[in-house]
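Heads up: the sequence shown begins at 62 in the working numbering, then just goes up one per residue.
The reader is advised that the hints may include incorrect statements.
Claimed, not checked - Lysine to any residue pairs mimicking SDA-like chemistry, simulated, CA-CA at most 25 Å apart: (1) K90 to A117; (2) K95 to A118; (3) K90 to F104; (4) K93 to A118; (5) K94 to D114; (6) K93 to N107; (7) K94 to A120; (8) K93 to R78.
As the list claims (entries may be wrong) - FRET-style restraints, in silico, Cβ to Cβ: (9) E79 to N119: 29 to 35 Å; (10) F104 to N77: 36 to 42 Å; (11) S102 to N77: 15 to 21 Å; (12) V80 to E103: 31 to 37 Å; (13) D81 to A120: 16 to 22 Å; (14) A120 to N77: 31 to 37 Å.
Treat the hints as calculated values from the structure; they're not laboratory data.
Glycine included, each C-beta is placed from N, C-alpha and C at the ideal position.
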Amino acid sequence: MSFKISENESRMFSSNREVDRCIFCGGHKEVKKKNFTIQFSEFEFNTGSICVDCYAANAKSGIRAIG
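Work out the full structure, taking the sequences as your base and the hints as a guide.
Okay, structure coming up:
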């Protein structure tokens, strides 16, 4: 009897996951992207890491026309 571990499951059990502070929620969780930039206004930017949960929750509304 054998089974195949998918890429997502093997990543979940790997020991090289990176944990950092998320710029969305402020929690220390597993990082999805490190150099993520949020634009609040024309002059206000915030760059940092974003966790897996916040990235998944906000991925659908990523591209929108403003105005």
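Hints versus structure:
1. K90 to A117: holds (13 Å)
2. K95 to A118: At roughly 17 Å apart (the allowed maximum being 25 Å), A118 and K95 satisfy the hint.
3. K90 to F104: violated (28 Å)
4. K93 to A118: Judged against 25 Å, a Cα distance of about 12 Å means the pair holds.
5. K94 to D114: holds (11 Å)
6. K93 to N107: The hint holds at about 16 Å.
7. K94 to A120: Holds - the C-alpha atoms of A120 and K94 are around 12 Å apart, at most 25 Å.
8. K93 to R78: holds (10 Å)
9. E79 to N119: 29 to 35 Å: Because 19 Å falls outside the window, the suggested range is violated.
10. F104 to N77: 36 to 42 Å: holds (37 Å)
11. S102 to N77: 15 to 21 Å: violated (37 Å)
12. V80 to E103: 31 to 37 Å: Because 33 Å falls inside the window, the suggested range holds.
13. D81 to A120: 16 to 22 Å: holds (19 Å)
14. A120 to N77: 31 to 37 Å: violated (23 Å)
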